[in-house]
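> In case you want the letters, here they are:
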Amino acid sequence: MALALILLCFVAGAVLCLLPYRAWLPGAHLGLAALAAVAGSILVAELDRGTLPRRWGAVALRLDALSAFMVATILLIALLALWHSRGYVARELARGGLEPHQAGRYYLYLDAFILMMLIAVVVDNVGLMWVALEATTLATVLLIGLHHTKEAIEASWKYLLIGSVGIALAFIGTVLVYCDVSILEPAREGALDGSRLLEQAASFHPAFLRLAFVFLFLGYGTKAGLAPMHTWLPDAHSEAPAPVSALMSGVLLSVSLYALLRFKPVVDLAAGADFSARFMIGFGLLSLGIAAGMLVIQRNYKRMLAYSSVEHMGVVCLGLGFGGSLGTVAALLHILFHALGKSALFLLAGNIQQTCDSTQITQATGLLRRLPVSGRLFGVGTLALLGAPPFGIFFTELAILRAGFQAGYLALTLAAAALLAVIFAAMLAHLQRLLFGEVERAAAAELTVAPAAFALGLLLLLGVWLPPPLARLVERIGMELMP
Amino acid sequence: MNPAIVYLVELGSGAILVTALAVIWRHSLQAYIGAFRLQSFLLGAVAALLSQLQGSLELLGVALLIALVKGWFIPRFLRRLLARVGSGREVRPYLNVAASLLICGALVVVAYSATADLVAASRLPTRNGVPLALAVVLIGFFVLISRRQAITQVIGFLVLENGIAMLALMVSYGLPLMVELGVFLDVLIALWIMQVVVYRIRDTFDTLDVTRLKGLRH
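Chains G and P are the protein sequences, given in the same order. Counting from 1, one number per residue, gives the positions in the first sequence under my numbering. Counting from 1, one number per residue, gives the positions in the second sequence under my numbering.
Treat the hints as calculated values from the structure; they're not laboratory data. Just so we're clear, the structure is a prediction, and the values are computed from it rather than from any experiment. Please note that a few of the clues may not be correct.
Non-contacting residues of chain G with respect to chain P, defined by C-beta distances greater than 12 Å in every case (computed) [as the list claims (entries may be wrong)]:
(1) 16
(2) 44
(3) 90
(4) 471
Chain P regions said to be covered by chain G (calculated; three or more residues, Cβ under 8 Å) [what the hints assert, rightly or not]:
(5) 118-132
(6) 148-160
(7) 172-181
(8) 187-201
Ideal placement from N, C-alpha and C gives every residue a C-beta, glycine not left out.
Isolated chain P, as found in the complex (with noise of 0.2 Å):
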């Protein structure tokens, strides 16, 4: 166990929340792009620290996995997928920045309380990174369901994606690699499916704003 690797995880788990974090404040979506982008690479930066620590050689090949794939060229996808329906600013959410980091200050205490048995039973040297995990998807999920833009859904979506990621890293250092790799198959399918409701949504209702889908009610 080396401790110097294990403050790094540390270190990178905190930095992760904070980059969750700047989507809340952030007022762009570049800038919400960036900061996904920056997010996946500390992740693939993690899972490979993680490898040194176990020797695996299956880690390193996840870490490259999302260092390319959610670092490199999801983010390369969803700028192209911004020029095209060319709406760079977000629709007013429906919460102010204010707000919304007072509820996600309550989020990092809630996950630190539901994960307070895991982290008390766990052996591992990366247990602190839990309740920084678990914070991560419900910042994620908030996003998903504060905003109302299309294309901001989505990248709470690819946030929330993340945090489990984290997640796995942290309480059993990721996943068998069969399913780490069927995964990232679905997200990337997820991906292009969304990309293609979002084109239909910009051409049907003139709009990415998805408050206005509003015709099934009952």
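Only chain G is shown next, with the shape it has when bound in the complex (with noise of 0.2 Å):
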């Protein structure tokens, strides 16, 4: 079985770092990703072609449309990351910014992130879903820790403690639901499945599920990076190793809306469906608006990635309000092609970071001449991320816009397509500061950019042509999120 195969790699990688610290490792997990990436695949055209099991042992699965789309881009991911950590890992050891022993621990920790998040999207039990969730906050805190530099034991600390409160917050939310479940039946077996809340949403208190989603959007809102409860992404994801930026960037934050939008379906039947789009449009809007107004004041070019992270996951959330199934398409379309996007830059800032040895963007500028190819990538990165076409995000984004129109938002869309615009023209600047200002130094030894150009390609294939597996899925997510 596919599901089985892909969780196996992981585990194996995890138990290959037990094992003292060899020079094959970063090779060895690059394989295992590889392989899991096919098994990924596998699993999708399964799912194409009929349904895939419920059950596993014990454990009840939920793979659904929507839980392959997350495997599928977990695995895209983890396998650019893992690409990307055979070169960073040899220059940290070469550097002395690692131990061997810290090389084994980074891979041990990477694995049981990337597991974490895995199960997080195939369990159907939406109380297992939230221990695999706060379990990916404790291994992330790991890697960021990995370095003993002041800053990132500061970043550790916030996002430890922030990411905790948070994720309690939901855990309320989850208790909250039980509640309501636990009374309509007392029988308690498989109660907390997400498929059963799903088939009993209809009868539930409306008011109780209101409480509830209250609850489960501030937290798992806080952990998918929405403003005002941001506070603690541009530290963490700054700090972090690059591959592990990737991977907290691309799909962490994506994996913690998945959790919403796993209880929004089960409230928009009990609630009615303004209630929970009326949130999402919200916080939406304000995550725009602060990540707009960070990005125009922004010194830092890595912490300038994490800010556009909070802009896009307000604009997937504005999508997955405004609604409708062009709205709903573009959202989840917009979190592949932002994982794509964001992983790439990342990676590539750790490129940046290695060679100037900071994360200013005053003592970074003139890539063009330093370093040409990263330099270069890292700039149709940043235009792919802003909305320039032939790039998927400008599609999606325009698809947004254009469900908002439809569902009736006007002056709300208006304000988020001037928002874009903002951003738009304050990141430009200070990318244009990036490639093409003064140089002190001659140009450096090129750094690991395949994994890079690889996932930018990947993103300018997919602009312009949709395989129709890839299309069919995200339209069936559509149908699986409809009331």
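Assembling the complex is the task here: the two chains are given apart, and the hints tell you how they should meet.
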């Protein structure tokens, strides 16, 4: 079975890390990630032909189109991150940034992190989904703390506390949903399974579910980096090792939105669709606004990328809030495109940091001459993320704005478009300084660029041609999420 | 429905709220740990009473686990952490005791008004404990944001966690066992990681006052 093989790949990777560190460990991880990616495409193909199993021993699975889409996205970015890690770890070992035993632990935590994300998107029980998501916070705190700099310690402490408290709020929401279930049905077997919740949604008490959704939204929204609960995000994403930032920004934020999406249809059925939509639109727009402000005054290119993630999570939320099949499908594709673009940029930012030894924009100017390949790719990736055609984000952002007009949110959609324009101008100005600014030093040796180039190539391809299985998958999710 | 047991559960819930407030008016970290330990034992006792009420062995197991992990292991763990970083006194908090207690009083009122609908709709005999549980959550949250000492913040997090466990007991006699076990595991790992970061803060910044951590801005 494809899913078993996927999980086994990362379990095997973690077991290898328990041995003393050897030089083949990065290569072995890359091989395992590639194997998992192949198994992931088999999983999507199986789903395309029919449905997937619902149980696995005692654990109920939720392998519908949305899960399969998230699994595929996670595996794709995991492959990029582990591919880039080979060069990254070798360079850190050479310059003394990591000791060999730390490199082993880096891979161990990375495997645990990826495994927990995968478990979070395939289990049906929303309580266990919460447990897996909390575990991702813990694994990433350990990864951020691998370097003992003052900034890394500060970032890990803030992230640990804000992340744990945030997700504790989501747990209160889960408890409140469960309380409604347990009143209706004293038998507790499978009572927290997401698919069961959906079946019974119409009979739930609207007041309970509204209160539960407020907690769930604040909790999982904190982990998804929505403003104003985003304060941990720029610190954590800018201090983590580059491949970890790629995974955190590219997929972990979306996995938290996935958790919200599991509850949204239930709440829509019980309390009316307007309730959750208003939350998504309000917080989405606020995220865009705060990201726009912070991007204008930004002086640090890694934090620039982090705030751009706040922006894109806001855009996805707007798409889901505006709803309709157009908004929902566009929001899901936006998750995939953002994952590819943002992870490529964080990987390249890691190269820039290792060359310039600083994350300040003023210290990393003149990239076109200093790091010709990384610099050019960074430019292309930034344009793609800003929504330049023919990259996919252009089409998804346009579709989300159209969905807003169709749903009748004229003023709000215009405000979102204006904020996107501000962000475009601000990031373009920073990009121009990074690429063309003065250079004091000569060109440096080029670092790992293949994974980022691959991701950007794929992003370009998906912008002009969506493979039919992917298109069918996304359409199916749109239907699943409609109440 | 045994009324004596229901009465004892309500009494225990009130006592748990009082132990949460103890963190507000006491001044030493030793006292906070003592209050947390007492709170955890009370929570375990409430869970044991509810298992009597419901005749559920599963819940009795959860009660024992609460007493063992939160009542015995975590306080021991925190005392050892405290002994190693050697700082028994609280750093001066942002607010004095009187203002903090007033705010906590307001939080209890907020908890009652937020759960009024829920209490009215619930048919469980434990429904009167729901606002108390939410109040414990809010007080834990308040400790977390109003204190500057890293270990006090950890205790605030643990009180919040106890409040959530209490809420689960009050609204639905606890969650399925598999989920409870997962949560225990997460809390233990979180605590272990918090300890690691606390050591690093002490070694790098030479203080446990987390307001000194302000290198990252904008």
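> So, for every hint listed, does it hold in this structure?
Going down the list of hints, with the structure as the test:
no.: 1; hint: 16; result: holds (21 Å)
no.: 2; hint: 44; result: holds (28 Å)
no.: 3; hint: 90; result: holds (26 Å)
no.: 4; hint: 471; result: holds (36 Å)
no.: 5; hint: 118-132; result: holds (count 5)
no.: 6; hint: 148-160; result: holds (count 4)
no.: 7; hint: 172-181; result: holds (count 6)
no.: 8; hint: 187-201; result: holds (count 8)
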